[in-house]
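Spelled out from the first residue to the last, the chains are:
2 protein chains.
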Amino acid sequence: MTQSIEQLSATRSHGGWVKRFSHRSQVLDCDMTFGIFLPPQAEAGPVPVLWWLSGLTCTDENFMQKAGAQKMAAKLGLAIVCPDTSPRGTDLPGEHESYDFGSGAGFYLNAKRSPWSQHYHMYDYVTSELPALVREHFPISEKEAISGHSMGGHGALICALKQPGRYASVSAFSPIVNPMDCPWGEKAFSRYLGDERGEWSDWDACELILAKASKQPMLVDQGEDDQFLEEQLKPDHLEKACHIQGVSLKLRRHAGYDHSYFFVASFIDDHLEYHARHLFADQA
Amino acid sequence: MTQSIEQLSATRSHGGWVKRFSHRSQVLDCDMTFGIFLPPQAEAGPVPVLWWLSGLTCTDENFMQKAGAQKMAAKLGLAIVCPDTSPRGTDLPGEHESYDFGSGAGFYLNAKRSPWSQHYHMYDYVTSELPALVREHFPISEKEAISGHSMGGHGALICALKQPGRYASVSAFSPIVNPMDCPWGEKAFSRYLGDERGEWSDWDACELILAKASKQPMLVDQGEDDQFLEEQLKPDHLEKACHIQGVSLKLRRHAGYDHSYFFVASFIDDHLEYHARHLFADQA
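Each protein sequence line maps, in turn, to chains W and D. When we follow UniProt numbering, the leftmost residue of the first sequence carries the number 1, and every step to the right adds one. When we follow UniProt numbering, the leftmost residue of the second sequence carries the number 1, and every step to the right adds one.
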């Protein structure tokens with residue numbers, strides 16, 4: 001059955017298109033928007049796709065407007081899809097009160113606790129419903145990779161870890177790698193999942209690695225002047241978990257860089273080339 | 001005498017820095033902000049500068065966040081300075097009522113009509129006061145080029161035409177080339193300059209070319225699906241004026257592209273390389 005989508009805008013970009021759509025999400029039970037970059041190569045046939053998951057307070061638009069990714073994506077022939085960061089328009093009690101929980105802060109998990117469990121199934125949305133929808137409407141092949149920033153870096157890592165073999169490659173900028181052990185994650189997980197911390201480890205990259213969920217290699221970039229580095233991001237926890245389990249982690253620490261999209265824009269081309277090497281590996 | 005500036009932010013970007021400052025403008029009689037990109041080469045000594053003038057409703061931030069120019073500017077060794085688009089914080093009667101006049105819409109001219117003449121001297125600001133201020137505080141050489149978008153494309157063209165020989169090169173995206181003959185320009189010029197249309201031609205690129213102000217070559221990019229093309233931008237007027245006066249105009253019309261920063265981002269690297277060829281010409 002074809003799910004309908006409504007085009008909000010279509011803008012030429014680097015020989016391809018940046019387009020935005022709205023649609024009714026069944027798994028989130030609300031209307032959602034997403035953005036897609038279609039490279040010029042998509043006019044000739046299906047192209048691989050990079051799923052980009054954004055961070056706290058972001059929407060589907062930040063990456064498309066600020067990351068400067070389209071030039072390299074057009075060169076490589078990669079589509080990029082940017083979901084929104086939470087359900088929208090649901091107005092649950094307290095949903096809009098803080099920047100790090102509720103709207104704009106879905107944490108890419110499936111909530112178990114009421115009232116969040118009515119709508120907050122962002123994991124199912126970004127790994128199942130949206131990919132099926134996008135493939136119905138656009139020339140996107142089965143080849144896919146995933147990346148993201150901050151909360152979206154957490155999202156990218158857990159999606160890849162929870163579905164070994166699905167994504168050709170995974171990378172992240174400034175990811176929350178161990179949400180069970182940082183204020184952002186503890187606040188969100190306790191409200192979305194409840195107080196039983198045993199339930200949390202299913203949505204924590206470090207815990208998933210320690211539980212031998214997957215041995216997929218990872219590329220992670222982290223700014224050393226990131227204001228959230230010590231308290232929230234803790235890349236050393238990821239380094240340690242990967243070391244223990246023998247998972248190949250390329251963790252690059254960049255002196256002077258912060259948490260902003262200027263950091264993402266500075267290194268996004270490296271990530272796109274990394275993903276392209278994996279996505280096109282069998283064609284080389 | 002050193003004018004003081006206050007740093008609002010400093011962010012690593014492509015091996016260089018994106019910084020924002022506020023300062024007191026004497027010629028505008030108000031506080032202003034500007035943005036600067038300093039490429040890595042600026043750590044070793046003075047670098048040439050590109051002045052970027054933004055369009056209606058923009059601030060000093062749009063270009064830095066959305067144009068994706070830093071990667072190429074870092075490669076070429078160009079600084080980029082982005083002024084704001086009008087005086088700020090002055091609250092003149094009617095100043096904030098429309099998007100195409102007053103705040104966010106200074107049109108890079110020196111207003112003659114009260115009350116605008118108290119503050120709206122954006123031409124003097126972007127060609128004199130700000131350049132002097134920037135050179136006091138940053139390693140910027142005397143070599144300079146100028147570019148801009150829409151109202152800022154108009155600004156770039158008139159700055160270069162009014163000061164022959166000053167800018168090594170000039171370019172524009174989707175410029176208002178003939179403000180005397182379009183609704184945006186007629187509204188702004190009549191209010192800033194008064195009803196005497198003879199006064200307007202000093203601030204109109206086509207009129208300046210026809211008056212033989214300068215024969216400097218120009219690079220202009222225009223999207224053919226630009227929603228303002230027919231009514232406001234009229235690149236054929238520029239083409240005609242240049243043809244009459246034998247001015248070299250490279251006007252590129254891009255099928256499918258609109259008026260957005262996705263258009264600017266798609267072709268900004270060409271402009272940066274064009275300016276670098278002129279800025280570094282005597283070093284080749």
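No lab work stands behind these hints: they were computed from the structure. Please note that the accuracy of each hint is not assured.
Here are the simulated SDA-like pairs of lysine to any residue, each with C-alpha atoms no more than 25 Å apart in a straight line [stated by the list, open to error]:
hint, chain 1, residue 1, chain 2, residue 2
1, W, K250, D, A255
2, W, K66, D, S117
3, W, K66, D, R20
Simulated DEER-style distance windows between Cβ atoms [as the list claims (entries may be wrong)]:
hint, chain 1, residue 1, chain 2, residue 2, range
4, W, H96, D, A10, 41 to 47 Å
5, D, R253, W, A10, 54 to 60 Å
6, W, K250, D, D225, 37 to 43 Å
7, D, D31, W, G198, 41 to 47 Å
8, W, D282, D, G246, 53 to 59 Å
9, W, A10, D, D100, 22 to 28 Å
10, D, D100, W, Q7, 24 to 30 Å
One-sided and incomplete, this derived list gives chain D residues near chain W with beta-carbon spacing under 10 Å [claimed, not checked]:
hint, residue
11, G77
12, P115
13, Y261
14, D269
Cβ coordinates follow ideal geometry from the N, Cα and C atoms, glycine included.
Hint by hint, here is what the structure shows:
Taking the CA atoms of K250/W and A255/D, the gap is near 41 Å; set against the 25 Å cutoff, the hint is violated. Using a Cα cut-off of 25 Å, the hinted pair K66/W and S117/D is violated, with the two alpha carbons roughly 36 Å apart. For the proposed pair K66/W and R20/D, the alpha carbon gap of about 17 Å is at most 25 Å, so the pair holds. The hinted window of 41 to 47 Å between H96/W and A10/D is violated, with their beta carbons roughly 32 Å apart.
For the pair R253/D and A10/W, the beta carbons lie near 19 Å from each other, so the given range of 54 to 60 Å is not met. Checking the proposed 37 to 43 Å range against K250/W and D225/D shows it holds: the Cβ atoms sit about 41 Å from each other. A hinted range of 41 to 47 Å is violated for the C-beta pair D31/D and G198/W, which are about 55 Å apart. The given range of 53 to 59 Å is respected by D282/W and G246/D, whose C-beta atoms sit roughly 57 Å from each other.
A hinted range of 22 to 28 Å holds for the C-beta pair A10/W and D100/D, which are about 25 Å apart. For the hinted restraint 24 to 30 Å between D100/D and Q7/W, the CB-CB distance of approximately 28 Å keeps it satisfied. Annotation: G77/D was flagged as interfacial toward chain W, and the flag is violated, the nearest CB pair being 16 Å apart, outside 10 Å. Checking P115/D against chain W by beta carbon gives a least distance of about 36 Å; that is not within 10 Å, so the hint is violated.
Hint on Y261/D holds. Least Cβ distance to chain W is approximately 7 Å, under the 10 Å limit. Among the interface hints, the one on D269/D holds; its C-beta lies about 7 Å from the nearest C-beta in chain W, closer than the 10 Å criterion.
This entry does not satisfy hints 1, 2, 4, 5, 7, 11 and 12, going by the numbered hints stated previously.
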